[in-house]
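*Asks:* Given the sequences, and given the hints that come with them, work out the whole structure.
Order-wise, the sequence lines are chains A and B.
Positions in the first sequence are counted from 1; adding 554 to them yields the numbering used here.
Positions in the second sequence are counted from 1; adding 554 to them yields the numbering used here.
Hints should not be assumed to be uniformly reliable.
Since the list gives no way to pick one copy over another, a pair counts as held whenever it fits inside one copy or between any two copies.
[As the list claims (entries may be wrong)] Listed below are the simulated EDC-like cross-link pairs for lysine to aspartate or glutamate, each with C-alpha atoms no more than 20 Å apart in a straight line:
{"id": "1", "residue 1": "K635", "residue 2": "D645"}
{"id": "2", "residue 1": "K598", "residue 2": "D645"}
{"id": "3", "residue 1": "K635", "residue 2": "E601"}
{"id": "4", "residue 1": "K635", "residue 2": "E646"}
{"id": "5", "residue 1": "K658", "residue 2": "D582"}
{"id": "6", "residue 1": "K635", "residue 2": "D582"}
{"id": "7", "residue 1": "K557", "residue 2": "E618"}
{"id": "8", "residue 1": "K557", "residue 2": "E616"}
{"id": "9", "residue 1": "K557", "residue 2": "E629"}
{"id": "10", "residue 1": "K614", "residue 2": "E629"}
{"id": "11", "residue 1": "K658", "residue 2": "D645"}
{"id": "12", "residue 1": "K658", "residue 2": "E673"}
{"id": "13", "residue 1": "K658", "residue 2": "E672"}
{"id": "14", "residue 1": "K658", "residue 2": "E646"}
{"id": "15", "residue 1": "K598", "residue 2": "E616"}
{"id": "16", "residue 1": "K635", "residue 2": "D566"}
Hints are computed from structural coordinates only; laboratory data are not their basis.
Just so we're clear, the structure is a prediction, and the values are computed from it rather than from any experiment.
2 protein chains.
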Amino acid sequence: MPKAVNIGASLDAVAQTWAPKVIGQVNDQYVKVAKLHGELMWHKHDEEDELFWVIQGHLKIELEGQGTVHLRPGEFFVVPKGTMHNPVADDECWIVLIETVSTKHTGDVVTERTRSIEEQLS
Amino acid sequence: MPKAVNIGASLDAVAQTWAPKVIGQVNDQYVKVAKLHGELMWHKHDEEDELFWVIQGHLKIELEGQGTVHLRPGEFFVVPKGTMHNPVADDECWIVLIETVSTKHTGDVVTERTRSIEEQLS
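*Replies:* And the structure:
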């Protein structure tokens with residue numbers, strides 16, 4: 555029997571910050587949840603937009619040459635493909651991400667914080 | 555200066571039920587808001603999944619041969635492509651939809667309630 559996905563419960567189950575988890579797919583896009591705290595890193599996705607939707611807390615998305623977008627619960631922002639960006643959460647922030655199934659976590663920048671798609675699907 | 559999209563404010567601005575409005579785009583998917591009340595109609599989208607996310611109220615999605623999915627605020631469901639479905643809201647319900655830019659409102663069924671993509675973008 556098909557059933558709904560509960561976003562709050564999915565976020566409750568996330569143990570680590572900066573470790574997105576896939577909770578659904580619509581066409582060629584994954585729906586993911588993540589907990590953020592601190593600063594990720596500057597990166598871009600050359601071919602893919604990335605949607606950030608805040609569920610709880612306050613997220614800043616720094617955009618190269620364009621200032622900072624502030625997101626509060628119930629607000630979203632789409633980082634256009636090719637745009638250098640850096641997500642920053644001064645306090646823990648819970649978000650939904652929507653991005654193409656092929657999108658790499660930190661673009662072409664790879665550090666110990668980078669999560670593979672396999673990790674995001676596990 | 556880029557800014558966030560507020561989903562509640564976008565929904566407040568929707569005057570009619572069953573008239574989705576595009577409020578964003580991520581890759582080849584539109585993000586839409588809609589107010590629902592009553593029953594739409596049975597239809598399907600042969601090539602496209604459709605994501606329903608409830609913001610306020612209670613939505614039932616009847617699925618041919620698979621029963622009914624109940625959605626409450628903070629829950630979503632993806633109707634797989636090719637699945638006959640019928641959204642029903644006994645009381646007014648506010649939702650976000652995510653679907654491919656080419657998706658037709660009521661699939662191949664067209665009635666006076668069908669909204670064109672031009673209407674959804676206006």
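*Asks:* Each hint should be assessed against the structure and marked as holding or not.
*Replies:* These are the hints, each one checked on the structure:
no., hint, result
1, K635 to D645, "neither (27 Å within a copy, 39 Å between copies)"
2, K598 to D645, "neither (23 Å within a copy, 43 Å between copies)"
3, K635 to E601, "within (5 Å within a copy, 25 Å between copies)"
4, K635 to E646, "neither (26 Å within a copy, 36 Å between copies)"
5, K658 to D582, "both (14 Å within a copy, 17 Å between copies)"
6, K635 to D582, "both (16 Å within a copy, 12 Å between copies)"
7, K557 to E618, "between (40 Å within a copy, 14 Å between copies)"
8, K557 to E616, "between (36 Å within a copy, 11 Å between copies)"
9, K557 to E629, "between (25 Å within a copy, 10 Å between copies)"
10, K614 to E629, "within (12 Å within a copy, 25 Å between copies)"
11, K658 to D645, "neither (25 Å within a copy, 41 Å between copies)"
12, K658 to E673, "within (12 Å within a copy, 35 Å between copies)"
13, K658 to E672, "within (11 Å within a copy, 33 Å between copies)"
14, K658 to E646, "neither (22 Å within a copy, 39 Å between copies)"
15, K598 to E616, "within (12 Å within a copy, 40 Å between copies)"
16, K635 to D566, "neither (30 Å within a copy, 30 Å between copies)"
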